[in-house]
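Peer 1: Sequence:
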Amino acid sequence: MSNILNIGKSALNAAQIGISTTGHNIANASTPGYTRQVIVQSASQAQNFGYGFVGQGTDITAITRVYNDTLAKQLLSTTSTSSASTAYYNSINEINGLLSDSNAGLSPVMTKFFSAISAAAANPSDVATRQTVISSANSLLNRFSAVNSRLDDIRQSLNTQVSASVNTINSYATQISQLNLVIDKAMSTTGNPPNDLMDQRDLLLTKLSEQVKTTVVKQSNGNYDVFIGNGMPLVVGDDTYPLYAQSSYTSPNRLEIAYGDKSNPKIIDSATLAGGALGGILAFRNETLDTVQNQIGQLAITLATQFNEMQQNGYDLNGNAGVAMFNIPQPQTTSSTNNVDKSKLASATFVPGQSQQLTSSDYTLKYTGGQYNIIRNSDKTVTSSATLPVTVDGIEFNVNTSTPAEGDEYMIRPTQGAAGRITLAFDDVEKLALAERVDANGNVVAFKGPGDNTNGLRLAKLQDAASVRLLGSNANRSYAQAFALMVSAVGTKTNEMMVTSKADASALEGATSAMQSESGVNIDEEAANLLRYQQAYQAAGKMMQIASQLFDVLLQLGQ
Numbered sequence: 001m002s003n004i005l006n007i008g009k010s011a012l013n014a015a016q017i018g019i020s021t022t023g024h025n026i027a028n029a030s031t032p033g034y035t036r037q038v039i040v041q042s043a044s045q046a047q048n049f050g051y052g053f054v055g056q057g058t059d060i061t062a063i064t065r066v067y068n069d070t071l072a073k074q075l076l077s078t079t080s081t082s083s084a085s086t087a088y089y090n091s092i093n094e095i096n097g098l099l100s101d102s103n104a105g106l107s108p109v110m111t112k113f114f115s116a117i118s119a120a121a122a123n124p125s126d127v128a129t130r131q132t133v134i135s136s137a138n139s140l141l142n143r144f145s146a147v148n149s150r151l152d153d154i155r156q157s158l159n160t161q162v163s164a165s166v167n168t169i170n171s172y173a174t175q176i177s178q179l180n181l182v183i184d185k186a187m188s189t190t191g192n193p194p195n196d197l198m199d200q201r202d203l204l205l206t207k208l209s210e211q212v213k214t215t216v217v218k219q220s221n222g223n224y225d226v227f228i229g230n231g232m233p234l235v236v237g238d239d240t241y242p243l244y245a246q247s248s249y250t251s252p253n254r255l256e257i258a259y260g261d262k263s264n265p266k267i268i269d270s271a272t273l274a275g276g277a278l279g280g281i282l283a284f285r286n287e288t289l290d291t292v293q294n295q296i297g298q299l300a301i302t303l304a305t306q307f308n309e310m311q312q313n314g315y316d317l318n319g320n321a322g323v324a325m326f327n328i329p330q331p332q333t334t335s336s337t338n339n340v341d342k343s344k345l346a347s348a349t350f351v352p353g354q355s356q357q358l359t360s361s362d363y364t365l366k367y368t369g370g371q372y373n374i375i376r377n378s379d380k381t382v383t384s385s386a387t388l389p390v391t392v393d394g395i396e397f398n399v400n401t402s403t404p405a406e407g408d409e410y411m412i413r414p415t416q417g418a419a420g421r422i423t424l425a426f427d428d429v430e431k432l433a434l435a436e437r438v439d440a441n442g443n444v445v446a447f448k449g450p451g452d453n454t455n456g457l458r459l460a461k462l463q464d465a466a467s468v469r470l471l472g473s474n475a476n477r478s479y480a481q482a483f484a485l486m487v488s489a490v491g492t493k494t495n496e497m498m499v500t501s502k503a504d505a506s507a508l509e510g511a512t513s514a515m516q517s518e519s520g521v522n523i524d525e526e527a528a529n530l531l532r533y534q535q536a537y538q539a540a541g542k543m544m545q546i547a548s549q550l551f552d553v554l555l556q557l558g559q
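At position 164 of the sequence shown (counting the first as 1) the number is 164 in my numbering, and the numbers step up by one without a gap.
Just so you know, the hints here were simulated from the structure itself, not pulled from any lab data. Hints are supplied without guarantee of correctness; some may be wrong.
To be verified - Calculated cross-link-like contacts (lysine-lysine; reagent style DSS-like; alpha-carbon spacing at most 30 Å): (1) LYS380 / LYS342; (2) LYS185 / LYS262; (3) LYS207 / LYS73; (4) LYS502 / LYS73; (5) LYS542 / LYS502; (6) LYS185 / LYS73; (7) LYS266 / LYS344; (8) LYS380 / LYS344; (9) LYS502 / LYS207; (10) LYS207 / LYS185; (11) LYS342 / LYS366; (12) LYS262 / LYS342; (13) LYS266 / LYS380; (14) LYS431 / LYS112; (15) LYS112 / LYS461; (16) LYS218 / LYS262; (17) LYS207 / LYS266; (18) LYS266 / LYS342; (19) LYS448 / LYS431; (20) LYS9 / LYS542; (21) LYS461 / LYS448; (22) LYS448 / LYS112; (23) LYS542 / LYS380; (24) LYS493 / LYS207.
Unchecked claim - Distance windows between CB atoms, simulated: (25) ASN474 / LYS112: 54 to 62 Å; (26) VAL382 / VAL217: 33 to 41 Å; (27) SER171 / GLN356: 35 to 43 Å.
Glycine included, each C-beta is placed from N, C-alpha and C at the ideal position.
Model the full assembly from the supplied sequences, consistent with the hints where possible.
Peer 2: So, in structure tokens, the structure goes:
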């Protein structure tokens with residue numbers, strides 16, 4: 001009788017655990033990251049009675065998660081890819097709207113400016129048309145400044161996003177390491193997996209992959225070693241290796257990612273942190289924002305410089321030699337914070353008459369191996385010299401020391417932000433130099449009366465001159481062409497990222513659906529399980545009732 005009672009008891013216990021597990025699944029059907037749990041049963045060791053082996057009921061050997069490693073890896077990968085392309089698209093779409101706006105863009109004000117020049121050249125002694133030139137010049141500079149200011153806002157916003165993303169990544173890393181510790185302890189103590197804790201850890205991994213590309217290596221003790229980007233350790237067991245948001249060595253207003261020793265982390269190449277929202281915004285900043293802001297600065301400086309040079313070749317309304325109409329800022333230079341002697345500074349100046357050589361690139365000036373290396377950052381072209389100054393791309397580079405130290409490094413930004421720093425040098429309409437002072441052969445000629453428009457016509461022709469140098473092109477372009485090509489490039493990239501982000505979102509939806517179809521909770525299925533376990537529970541109870549009745553019969557026979 002005791003054998004039958006024990007079998008019934010084991011069946012009753014199995015059904016009860018099955019109902020509890022099913023109820024737990026139903027209760028957590030909407031819990032983010034929850035993985036469906038199932039009980040694992042096995043037959044108890046049968047007993048040999050001579051005539052055969054009699055079963056002894058059932059054992060619950062484990063409660064496990066329905067979890068597919070392959071699907072989980074696909075989910076992490078697609079989550080990271082989708083987050084990166086979405087972050088890139090959202091950012092570049094804002095710039096695309098800014099540049100392509102027919103009302104707020106640069107094309108309309110450039111056209112109006114040169115139209116005003118043409119009108120003034122047609123009637124050079126008319127004060128009203130001259131005033132229109134001054135007014136149009138102000139509008140042009142204001143528009144350049146407004147566009148540059150908006151790009152600065154986007155850049156500052158990216159700094160905020162970088163800082164927030166780094167903090168989020170570090171927070172997830174800490175939580176994962178703590179869960180590693182607790183899960184390891186639970187498994188080593190009980191031998192059973194703490195399913196709900198493992199779900200929490202996997203959910204954190206999914207959230208981490210939204211921020212940066214994430215790779216997981218499972219250890220035999222159940223721990224996760226987590227690597228980010230191109231293989232940088234973030235979590236190893238219960239140890240973490242955090243990231244740091246740190247100012248660039250050569251640009252204090254630019255946040256970069258640092259890694260390594262807490263007391264002295266080193267800035268790493270942002271390309272090593274591909275994937276996720278962080279990788280997306282870093283790629284956008286490097287590939288698009290820097291390029292666009294530099295190109296707009298190049299356009300503004302080239303236009304202002306060439307107009308100044310032509311203006312100075314003419315006579316103003318009073319017969320005086322023309323003076324520069326625009327105040328043009330010189331290239332910005334910063335010293336690396338790693339330089340030994342911070343008093344050593346670099347300088348860079350635009351070389352007169354070489355504005356058509358100006359590019360949209362930043363430059364690195366570095367002293368190594370006994371010589372100065374001027375690196376054009378856009379394509380890594382290097383110009384080396386044992387001494388300075390040296391002229392490269394219409395810019396003269398120099399440093400204020402004759403005793404450079406090995407490894408001294410400087411960043412030179414000729415055009416970035418320059419569009420917001422050009423100002424009007426005068427507002428006196430009489431100073432507009434529309435009369436010829438230097439002829440086509442370069443000879444200075446006498447003032448001819450206020451009605452001469454020779455220089456005014458030359459100023460107007462600047463609109464169509466091939467003045468702007470484009471990197472990667474053998475031919476210069478006009479101001480309008482250069483701007484149009486920039487807008488086209490941004491528009492093309494925006495469209496590319498829109499298509500990519502939609503495709504990546506679709507892939508993520510598919511991966512999520514595949515994961516849910518296997519690991520998610522199906523309410524209908526769980527309802528069926530409830531009925532099945534209920535019937536098993538009732539049957540086990542009936543079996544124990546019968547065993548009890550049989551035992552009573554035996555007792556009565558004994559009396």
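Peer 1: Hints first: check each against the structure and report whether it holds.
Peer 2: Verification of the hints:
With a C-alpha separation of about 26 Å, the suggested pairing of LYS380 with LYS342 holds against the 30 Å cut-off. Restraint check: the Cα-Cα separation between LYS185 and LYS262 comes to about 28 Å, which is no more than 30 Å; the hinted pair holds. For the hint linking LYS207 to LYS73, the alpha-carbon distance of about 13 Å falls within 30 Å, and the restraint holds. The straight-line distance between the Cα atoms of LYS502 and LYS73 is roughly 21 Å, inside the 30 Å bound, and the hint therefore holds.
Of the pairs offered as hints, the one joining LYS542 and LYS502 is violated, with about 58 Å between alpha carbons and a cut-off of 30 Å exceeded. Straight-line distance between C-alpha atoms of LYS185 and LYS73 comes to about 25 Å, which keeps the hinted pair within the 30 Å bound. Taking the CA atoms of LYS266 and LYS344, the gap is near 23 Å; set against the 30 Å cutoff, the hint holds. Between LYS380 and LYS344 the CA atoms are separated by roughly 24 Å; this keeps the pair inside 30 Å, and the hint holds.
Proximity of LYS502 to LYS207 is assessed by CA-CA distance (about 20 Å); at most 30 Å being required, the pair is judged to hold. This hinted pair checks out: LYS207 and LYS185 have alpha carbons roughly 24 Å apart, not beyond 30 Å. This hinted pair checks out: LYS342 and LYS366 have alpha carbons roughly 14 Å apart, not beyond 30 Å. The suggested pairing of LYS262 with LYS342 holds, with an alpha-carbon distance near 24 Å, which does not exceed 30 Å.
Our distance criterion of 30 Å between C-alpha atoms is met by LYS266 and LYS380, whose separation comes to about 22 Å. A distance of roughly 20 Å separates the Cα atoms of LYS431 and LYS112; the hinted pair therefore holds under the 30 Å criterion. Between the alpha carbons of LYS112 and LYS461 the distance comes to roughly 14 Å, so the proposed pair stays at or under 30 Å and holds. At roughly 26 Å between alpha-carbon atoms, LYS218 and LYS262 fall within 30 Å of each other, so this suggested pair holds.
Under the criterion of a C-alpha separation no larger than 30 Å, the hint pairing LYS207 with LYS266 is consistent with the structure, at around 26 Å. Taking the CA atoms of LYS266 and LYS342, the gap is about 19 Å. The hint holds against a cut of 30 Å. The hinted pair formed by LYS448 and LYS431 meets the criterion: a straight-line CA distance of about 16 Å does not exceed 30 Å. The suggested pairing of LYS9 with LYS542 holds, with an alpha-carbon distance near 11 Å, which does not exceed 30 Å.
Among the hinted pairs, LYS461 with LYS448 is consistent with the structure: their alpha-carbon atoms are about 21 Å apart, no more than 30 Å. Distance check on the hinted pair: LYS448 and LYS112 sit about 28 Å apart at the alpha-carbon level, within 30 Å; holds. With a C-alpha separation of about 83 Å, the suggested pairing of LYS542 with LYS380 is violated against the 30 Å cut-off. At roughly 27 Å between alpha-carbon atoms, LYS493 and LYS207 fall within 30 Å of each other, so this suggested pair holds.
A hinted range of 54 to 62 Å for the beta carbons of ASN474 and LYS112 is inconsistent with their spacing of about 31 Å. Between VAL382 and VAL217 the CB atoms are about 40 Å apart, so this pair conforms to the stated range of 33 to 41 Å. Between SER171 and GLN356 the beta carbons are some 51 Å apart, a value that contradicts the proposed interval 35 to 43 Å.
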